[in-house]
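Colleague: Here are the chains, one letter per residue:
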Amino acid sequence: MIGLINYGSGNLSAFVNVFTTLDKKIVIINNPEELKICSHIIMPGVSAWNTTMKSVEKFRDALFSCVINKKIPFLGVCVGMQILASTSEEGLSGGLNWVCGNVKRLPTNQIPDNLNFVGPKLPHMGWNTVTPNGKIDLMNGLPEKPEFYFLHSYYLDSANHDNVIATAEHNFFRFPVIVQNENIYGVQFHPEKSHINGKILLDNFTNLRY
Amino acid sequence: MQNNCSMLRSRYIPVLLIEDGELTKTKQFEDGIYVGDPINAIRIFNEKQVDELSLFDISITQNGSKIDFELLRDLAINANMPLTYGGGIKSVKEASKIISLGFEKVSVSSAFLDNPLLISDIIAEIGAQSVVVCLDVKKIGNEYWIYTHRGKKKTNYDLLKALELIEPIGVGEIIINSIDRDGTFFGYDIGLAQIVRKMSSVNITIIGGCNGISDFLELQKNIGICGCAAGSFFTFVGKNNAVLLNYNKPDL
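Line order of the protein sequences matches chains A and B.
Going left to right, the first sequence walks through residues 1 to 210 as this note's numbering numbers them.
Going left to right, the second sequence walks through residues 1001 to 1252 as this note's numbering numbers them.
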């Protein structure tokens, strides 16, 4: 059973839609104790850091028990990936600290001066290609550099290079867009809104076993 | 030459207008004609794998009616693409609820001009990346003015004053909707697009008048605007404007 954590923000319906077409069983998790029945856990996210951390608080202990102790595969999406970090420049509260690193605003000072670039720099909004570092389970069956939909201004600056399993580039700056620490995964883009590529990636996640 | 297009590829965005639960298409914001069922339209655009989809409920602000959250829920459940909603949003709570239903972005228009601080409050709650300001623009003489209430109410803001107001707030996107070009197939108002690109550092999406793929390319290559939206162009085909939802866009 795939658990979708309903913490008030984040678009569950798009995930429900994808998993229904994949013929996978899902359960919406409204209370921490319901996490026990999950084989896989997904934390969606469309929100600001503080709003997210405030609503995640009540799930913190149950998540620790399932994800850290029992090694149930976990996928954080967008801000749901960012909260895996220790801290964020977007807010004051501490993150889950499951992937060592800090959430920072995407830099815009890497753009060469001679380009005379005066257009928009942030948010990173739209379709961008994702480059995996080697062969990764989550990207099985996808094109070599698939496109996904991004909508964010902050990124997880992973302290440990081994946790970064895929990257993308914006404003001449390359940054982590998929991180992994054992059974814990985070994706910065929105697989639930990335058509067929997103569907394949979510299917791959639900086939992971630990 | 200035390179003011983003490093990301352009986005082609069908825009659907909702009135009393049905899809409508206007010409210069008037004479809405029925063009179908919104859920059916979402399913068709799913198959076409569109970059994004924007939905505007044009009946709410004008009629003073309530946002149809039930409809929005049904639309989001059926959508595989990023969604923007605009129409009648007047509070942080409403904006937040729409995001929780499965929309990526909310678009605010008249409520922003009435109370610019509202946008900062919405940003604090859902993040700047998800907040869009939509400006309905009409050309009077040589000046562009902002209208609300379905193009019926002239505001005290001219285009430059509105852009100046938006710039420091840090919204994720501005949608510029040309009332004069809406539904006319006369091509985008390039002069308008040029002014907006020059005066704003925000992501810009232009809508109103698209008549062909060359119009998209002109926006991108000559102006540096990456958000190419269209209503009628993605709704009608042929000389007689038969209703046929389509996704004609430049090859990637």
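Errors might be hidden in some of the hints.
Stated by the list, open to error - Straight-line alpha carbon distances no greater than 30 Å define the calculated BS3-like cross-link-like pairs of lysine-lysine that follow:
1. B/K1161 <-> B/K1048
2. A/K24 <-> A/K58
3. B/K1161 <-> A/K36
4. B/K1027 <-> B/K1153
5. A/K54 <-> B/K1027
6. B/K1097 <-> A/K25
7. A/K121 <-> B/K1161
8. B/K1093 <-> A/K121
FYI, nobody ran anything at the bench for these hints, they're computed from the structure.
Colleague: Check whether the Cα positions of B/K1093 and A/K121 lie no farther apart than 30 Å.
Modeller: 28 Å, holds
Colleague: Are A/K121 and B/K1161 close enough, with their CA atoms no more than 30 Å apart?
Modeller: Holds. A/K121 to B/K1161 sits at ~22 Å (cutoff 30 Å).
Colleague: Are the Cα positions of A/K24 and A/K58 separated by 30 Å at most?
Modeller: Distance ~27 Å between A/K24 and A/K58 Cα, so the pair holds.
Colleague: B/K1161 and A/K36 were given as a pair; does the straight-line alpha-carbon distance stay at or below 30 Å?
Modeller: 55 Å, violated
Colleague: Would the hint linking A/K54 and B/K1027 be met if the CA-CA limit is 30 Å?
Modeller: The given pair, whose Cα atoms are some 46 Å apart, is violated under the 30 Å limit.
Colleague: Can the restraint linking B/K1027 and B/K1153 be considered satisfied, given a maximum Cα separation of 30 Å?
Modeller: Distance of about 17 Å is within 30 Å: holds.
Colleague: Would the pair B/K1161 and B/K1048 pass a check requiring their Cα atoms to be no farther apart than 30 Å?
Modeller: Violated, because 38 Å separates the two Cα atoms, which is more than 30 Å.
Colleague: B/K1097 and A/K25 were given as a pair; does the straight-line alpha-carbon distance stay at or below 30 Å?
Modeller: It holds: about 26 Å lies between the C-alpha atoms, which stays within 30 Å.
Taken one by one, the earlier hints fail for this structure at numbers 1, 3, 5, listed in ascending order.
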